Amino acid sequence: MAMELNEQEHAVLSLLSRHAGSPTVGDVAQKTGLDQAQVAAVAHTAKQRGWIDVTEKKRSELSLAPGAGELIAQGLPERRFLDRMPPGQPLSMRDAAGLARELGTALNEVLRYGGQRGWFRKAGGELHLTDEGKAAAGKPAPDERALQIVAERGPIFLDELEGLGVSEGAAAKLLAKRGNVAKTKVRTFRTLALTPVGREILSGELIVKRLRSQLTSEDLTTGGWRRIELKPYDVTLAAETAVPVKSHPFQRILEQTRRAFLEMGFTEMVSPMVETAFWDFDALFQPQDHPARDMQDTFYLARPATGRLPASELVERVKRTHEDGGDTGSLGWGYRWSEDRARRMVLRTHTTATTVRALAADPNPPRKVFCVGRVFRNETITYKHLPEFTQVDGIIIDKKANFAMLLAVLKEFYRKMGFQRVKFKPAFFPYTEPSAEVFVWMDSKKTWIELGGSGVFRPEVTKPLGCDVPVLAWGLGLERLAMQRYGLGDIRTLYWTDLDWLREVPLCQ
Amino acid sequence: MPVVAIGVERLNRFLGVSRPMAELVEALENLGCDVEDTAEVVHYRCAVCGMTTEKLAHEAPPKRCDQCCHQCDAALSEGSRQDVIRLDLLADRPDLFDTGGICRALKGVLGIEEGLPHYEAHPGTIVVHIDSALEHAESYRPHIVCAEVEMPPLDEEMLRELMRLQESLHWGVGRDRKLCSIGVYDLAAIEPPIKYTTIRPDGGTFVPLAYGTKALTARAILEEHPKGAGYAHLLSGLSAYPLLVDSRGQVLSMPPIINSEETRLKKGSTRLFVDVTGIVEDAPKNALHTLVCSMVEMGGLVKTVEVVQSDGRSSSWPDLKPRRQPIDLRDARRWLGLDSSNGELRRLFRKMRLSVEGEGDKVEVSYPAFRTDIRHPVDLYADLAIGVGYAKMPSAQLPTPTQSSQRPEELLANRVRQILLGMGCWEIMSLIQTTNDHHFDALRIEPKGEFILISNPKNSEVNIVRCHLMTGLLETFQKNRRKSAPQSFFEVGNVVLLEPGAETGTREERRVAFATMGPEAGFATVRSQTDGLLHELGVSGQYRAEEHPSFVSGRCAKMEVPGSAGVEIRGRLGEIHPAVLERFSIPYPVALAEITLCRVL
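Order-wise, the sequence lines are chains A and B. So the working numbering is basically just the index in the first sequence, starting at one, shifted up by 1000. So the working numbering is basically just the index in the second sequence, starting at one, shifted up by 162.
Honestly, the hints are just simulated from the structure, not real lab data. It should be emphasised that the depicted structure is a prediction, and the values quoted were computed from it without experimental measurement. From the three backbone atoms N, C-alpha and C, an ideal C-beta is built for every residue, glycine too. Check each hint, because a few of them may be wrong.
[Unchecked claim] Partial chain B-side listing against chain A, Cβ under 7 Å, derived:
1. GLY499
2. GLY551
3. PRO556
4. THR562
5. THR564
6. ARG579
7. ILE581
8. GLN595
9. ASN618
10. LYS620
11. ASN621
[What the hints assert, rightly or not] 25 Å max Cα-Cα, derived PhoX-like pairs, lysine-lysine:
12. A:LYS1446 with B:LYS554
13. A:LYS1246 with B:LYS217
14. A:LYS1384 with B:LYS641
15. A:LYS1399 with B:LYS524
One chain only, chain A, in its complex shape:
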């Protein structure tokens, strides 16, 4: 069977079969026109298949230190000094210093390197020229010759020096101490040689495939794909992450909330955001001087300033309930209830206004109603507070309804929202009794967070609306839940959209 090789493998193996000795990767690259990385990749697979041997070889390369060219052109300090030193006559150290100065070099360098070469000797305060010094005059040492070669031809491997008539060992030894003049660097070379297996393959029947990075339509329509090979990739490398367009993270929580209540058989309701105080407060048995109704907390409207009250019989029943309890069995609040205050328009402070409207519209059990909607409180905008936020309110109108059922339903809701642990704490609200604050356990923070209020509507709320069975009610905030889920420290992130944040938040979080 014919052997399949890609075009790069073929090029490398053919070159090796023609090349004398063992060329390096660089040599092969140069001669095949491939780049070094491609040759290295081919060598790697060919070696694994036993077609070639790869030998590593280390060579020391000599190059000039930066800025040393001028020094070498002038001659090394000790050489220049030697050339000027009068033969056969010692120099006083003073004269020696003078000569060095004249040459523009430092005497200590002359003495250090000249001494190492054995050219000079200090004796009796004078500098003597030795026999070696005399012999060296006019005759460059091996290292000097090596430097000359590098200065002329550029970097050279030390093992090439012998071939140029320079003693490699002597030059290396002398240069080892002169980092300011020359540097040697060890470089690793891989040389490639065909193995007998490789030779055999080359001499056999071959199919050479072109190596490409991308299939073309033409390759497929013409069947040309059979003659190409697709380059392998490093499949572990990271790529740029694709970002799908996504719904708003908070909208996902609102949807999850709606779905949870729809799954539990609830009917979705709406009511106006611009609401009469009657439905926002009075129908909920909140006395007209209750602090929650203060201008401090509630947005009142200048336009429209007042709205229409419902049927007068209902208004009358609510009025009497506030004043003395009416026929609800309550003491009432004991004050004069004002229709004018009930007519004032507010931005609804809770979606309990929605559920109480739903209760009034149809108080007949069994009914389950919920509403997800924006509510408003007169707050300054900070990282913690906004003048509006989102609540889910719900009610259950049921002959069987009771407080224990309320707790069970809320537990079930939060289980659907992903919270396994829910706890309730007694609380006091004007329109429910008993009342419970709802907390969920945040495992990530190891803490309970409070998410809202709940309770059984007081008869003062339900009876005037024509309802005689217990009504379970709750109003739960959703922004806090979102902030916990998305790890936000600033509530404004939800309503002042940063595109990067939208991109980052995973759909499944």
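Assemble the complex: chain A is given as a structure, and chain B must be docked to it using the hints.
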């Protein structure tokens, strides 16, 4: 909401036990108290009045005395330290404002003492006469109730607690002294009978509490004294102010502003006089009963005070006899979902410091005068639930099954969302409130008063309710203007429009707005998106040219989906005017559409 610090050591002393802080915290939470946190506090002593001011251990020492408002140059000197539990006060339960009251309730849930606590008002001799002037509009504050209380000699701790309870009641029952205000005096400095009368702004002088020794007129007190200036608004519009004086003419106080220096409580005071005045009938009684019962918890003995109206009618206060409420225990079980026996329910009532008379299901529950939160049998049922403990409520039946149904606009909104996400638009959510400036001026719109206007915003960040969705999108481009373009966003949400004659004077519409910002963004962009949206919704629109100040002239269209009864889809699309883009610092053209999907309300 005010926070009150309850000393753990003192609480345990009152309870007569030694319970660790954590157990007390849990018991308080199970009672419904809002435990803010636990902390260590330091009491700093004032060199002038000798009283102490409380600060958290990590806070800087105070430079001003809370009691006499004395301003020190140096910090007040440091006194004792103690562990405290800090509670957010519950406006509905003034009987849980102070150590005595909390202790009374805790004793029940901790099993230390059960049943109705006994409070009695012994007959006293003090009489208070009300001047008919208090009923006139010009000096209106007609209601007053009083009590005499014999206390063990007051120590500093009791003084501090009394003052704090008084302040808490001013907040919780008095609505910051508006409905009622309390005065507590050293009876040793008073010669009964006492007269509740009025004083003209310049009609006399007295030395107000903690303000040196100078006698001031009522007018001067309201202008100069820190408490006077702080509460002057409660007397604004009156031409004579309420005043309590004794038989010698010694002023006790000028309610609801300030007591006199001469009658102030001191360490060692033993006979105390208490008054609560108010503009409504119930609040003063509630405050008085709560206060004197807490004083009994501190070791006090209460005596009645006779209050004589100007017409001669008289009544005696305080009235501490228990209130009674008949209930049916079967109703209680049904309301709560409990299956406890009658005996068990009776035990729970006793645990909640109530008592039950009668046998069988129909019983009568007695509760103390200060339980002003009880106005219906359900309030007593709630006590049973607290007695059981919410964590121990039995598992419950499920509600009767019902069919779910969702709102049509939500179904439609979710389809629209899916379509626009598919077109590569990112969803945003923005506030429904905005400002005139951002909603109209910046968009070159002259609204002619046709929008919802808020009368009392806390600041200028919001003052109207939105009637279109363009502001949110343009603000989003502004915020993201330095990120790479093109960018596309959309928002689905409600707008509110005036509709005279409607119940709320408004109507709400569900709308969608979408926009693209980028070098290539133009009419064609938004037209093709609009067509695509309508196609996916199964309708097609008709377009005609329109001029709108927010859009480039000649590049704005009105769109309507005709002939589809019940479908209210219509809208506007075009290229945003460069003057608008400049106002929002948007660096590229923006093509925007806003479409009404349906009417919601």
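Going through the hints against the structure:
Because the smallest distance between the Cβ of GLY499 of chain B and any Cβ of chain A comes to about 3 Å, under 7 Å, the interface hint for this residue holds. At a threshold of 7 Å, the smallest CB-CB gap from GLY551 of chain B to chain A is about 9 Å, leaving the interface hint violated. Of the supplied interface hints, the one on PRO556 of chain B holds, with its beta-carbon coming within about 5 Å of a beta-carbon of chain A, less than 7 Å. Checking THR562 of chain B against chain A by beta carbon gives a least distance of about 4 Å; that is within 7 Å, so the hint holds.
Against a cut-off of 7 Å between C-beta atoms, the interface hint on THR564 of chain B holds, since the closest Cβ of chain A lies about 4 Å away. With 7 Å as the threshold, the beta carbon of ARG579 of chain B comes within range of chain A, its nearest partner Cβ sitting at about 6 Å, so the hint holds. Proximity of ILE581 of chain B to chain A is violated relative to the hint, the smallest CB-CB distance being about 12 Å (cut-off 7 Å). Residue-level restraint check for GLN595 of chain B holds (minimum Cβ-Cβ distance to chain A is 6 Å; threshold 7 Å).
The restraint placing ASN618 of chain B at the interface with chain A holds, with a minimum CB-CB distance near 5 Å, inside the 7 Å limit. The closest approach between the C-beta of LYS620 of chain B and any C-beta of chain A is roughly 5 Å, which is under the 7 Å cut-off, so the hint is satisfied. The criterion of a C-beta within 7 Å of any C-beta in chain A is met by ASN621 of chain B, whose closest approach is roughly 6 Å, and the hint holds. Pair hint LYS1446 of chain A plus LYS554 of chain B holds up; C-alpha atoms about 23 Å apart against a cutoff of 25 Å.
Simply put, LYS1246 of chain A and LYS217 of chain B have alpha-carbon atoms about 50 Å apart, too far for the 25 Å limit, and the pair is violated. Our distance criterion of 25 Å between C-alpha atoms is met by LYS1384 of chain A and LYS641 of chain B, whose separation comes to about 20 Å. Proposed proximity of LYS1399 of chain A and LYS524 of chain B is supported: the alpha carbons are some 21 Å apart, at most 25 Å.
In summary, the structure is inconsistent with hints 2, 7, 13 from the numbered list given earlier, while agreeing with the others.
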